[in-house]
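Novice: Each chain, letter by letter, is given below.
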Amino acid sequence: MMPVVLAAAEAVEVAHESNAFGVTVNYVVMQIISFTILAFVLYRWGLRPVLATMDERNAKIADGLRYTEEMQAKLADAQKQHAETIRLASLEAQKLVDEARAAAKALVERETKQATEKTQQMMAKAQEAIHLEHRKMMADAREEIARLVALTAQRVLSRELSSEDRRRYADAAARELTNV
Amino acid sequence: MIPSLALRKNPFVWSVMALVATGLATSAHAAEGNAAPAELFRIGPLPVTNAIATTWVVSLLILMGLRMLVGTPKMIPGRGQALVESALQGLKELFEPIVGKRAFASSFPLLVTLFLYIVLQNWSGLLPGVGTIGWGYEADGVFHVTKPFIRPANSDWNGTIALAAVSMLVWAYVVLRHAGPKVILHDLFGNKASKSEIAAAIYYPLSLIFIIVGFIEIVSIAIRPFTLSVRLFGNVFGGENLLHATGFVPPFYFLETLVGLVQALVFTLLVSIYIGLLCNHGDDHTEEHH
Chain A
1363 MMPVVLAAAE AVEVAHESNA FGVTVNYVVM QIISFTILAF VLYRWGLRPV LATMDERNAK
1423 IADGLRYTEE MQAKLADAQK QHAETIRLAS LEAQKLVDEA RAAAKALVER ETKQATEKTQ
1483 QMMAKAQEAI HLEHRKMMAD AREEIARLVA LTAQRVLSRE LSSEDRRRYA DAAARELTNV
Chain B
9 MIPSLALRKN PFVWSVMALV ATGLATSAHA AEGNAAPAEL FRIGPLPVTN AIATTWVVSL
69 LILMGLRMLV GTPKMIPGRG QALVESALQG LKELFEPIVG KRAFASSFPL LVTLFLYIVL
129 QNWSGLLPGV GTIGWGYEAD GVFHVTKPFI RPANSDWNGT IALAAVSMLV WAYVVLRHAG
189 PKVILHDLFG NKASKSEIAA AIYYPLSLIF IIVGFIEIVS IAIRPFTLSV RLFGNVFGGE
249 NLLHATGFVP PFYFLETLVG LVQALVFTLL VSIYIGLLCN HGDDHTEEHH
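Chains as they are written, first to last, in this note's numbering: chain A, 1363 to 1542; chain B, 9 to 298.
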């Protein structure tokens, strides 16, 4: 501790001497020039490029973050729009399916009705044809039976029947057959 | 055998031994409290002292170091550039809240250069040979260095006066540019009390008091170059003498390493505070309005 105190005391004593610290305008000017040159060179070729690079990087990071946020917002919009489009498409598809089902049902009903009507018409025609065939067959049968009755009567009577007799027997047979 | 081998292989131990040896050999009566720098030669009318020579060497080391670490700055930084960038970012975060956003861009180059320059100049005084090797005389078997070849620039008052002068010139430029004469005059002499909240009988006498305080403030500003330069010079010169007087005892040596850093911070922070006192008024309010 003693050397420290002695050194301090010595420094104070020296300071009291005239211009003990050697302060000289020329020295100060030279130091100012030295420091100013260093500050200028250091800033111009050392610090400014580094600071500019840092600023550029920060700007790029900020731009990147802003772009990411914009893209996220756009993605959210696109997803929302996509969901809306899918919803509308589903509704449209459901509507088309419903319409197709309704159309198919109507077509089936119409075709069924038409087929039924056609069938009924065909059945009616068939029945009418059967009826006509039956009447024709019955007429033919009556005519044949009448002829056979007349022929039988001619054989039984063993005489040639006149046209009038044959017509009378045939008519009688036809009347009888009509009641069958 | 084993300890001596370890001693030979350990560079840290060798460094400490070299420091102590250098100190013991030349320090006991090295500077002898001689505060005046020694003139080495002249460039025309301008003298080059041993302190100015150190200034140049340290300046060259700063520039070469920065060049080696950074080279051409790249968007994806290498290790050296990342180190420099993180240091600049740290200093930016330290100074920006003090000087304010408006004055930051104008003052940051000076503040960074001041900090780097002062801290490296201070530490340069701790290197073996700086301030302890030079011309002198031998008496009673002890060599007395009267004119060291190189000495730390900040142990020369001329150097710290130069730093304070440049700082105050830049302070004046930044303050005039970013605050303007109106703000400066109001800050110095204006009545800062609110007229709506204080009675007229108190407000107007207060104005007179603020004017008197303004003149005191001007005196305070006028002596700033003196206080800035003396504080730094006194600490570094005192530290150097302490090391010489105590024979470079390691605890004092490492204490001076810390003092070198702290004094650089103190000088730079004070300059930034002087700028911030006038330029950092209502930055937040201004930004809110914008």
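Just so you know, the hints here were simulated from the structure itself, not pulled from any lab data. We treat Cβ as the ideally placed atom computed from N, Cα and C, and that holds for glycine. Hints are supplied without guarantee of correctness; some may be wrong.
[Said to hold, decoys possible] To give an idea of the interface, some chain A residues facing chain B are shown, with a C-beta separation under 10 Å as derived from the structure:
id, residue
1, Thr1398
2, Leu1409
3, Arg1410
4, Thr1415
5, Glu1418
6, Ala1512
[Unchecked claim] To be clear about the criterion: a stretch of chain A counts as covered by chain B if any three or more of its residues have a C-beta under 8 Å from a C-beta of chain B, and this derived list gives those stretches:
id, stretch
7, 1386-1396
8, 1399-1407
Novice: Which earlier hints turn out false for this structure, listed by number in ascending order?
Specialist: 6
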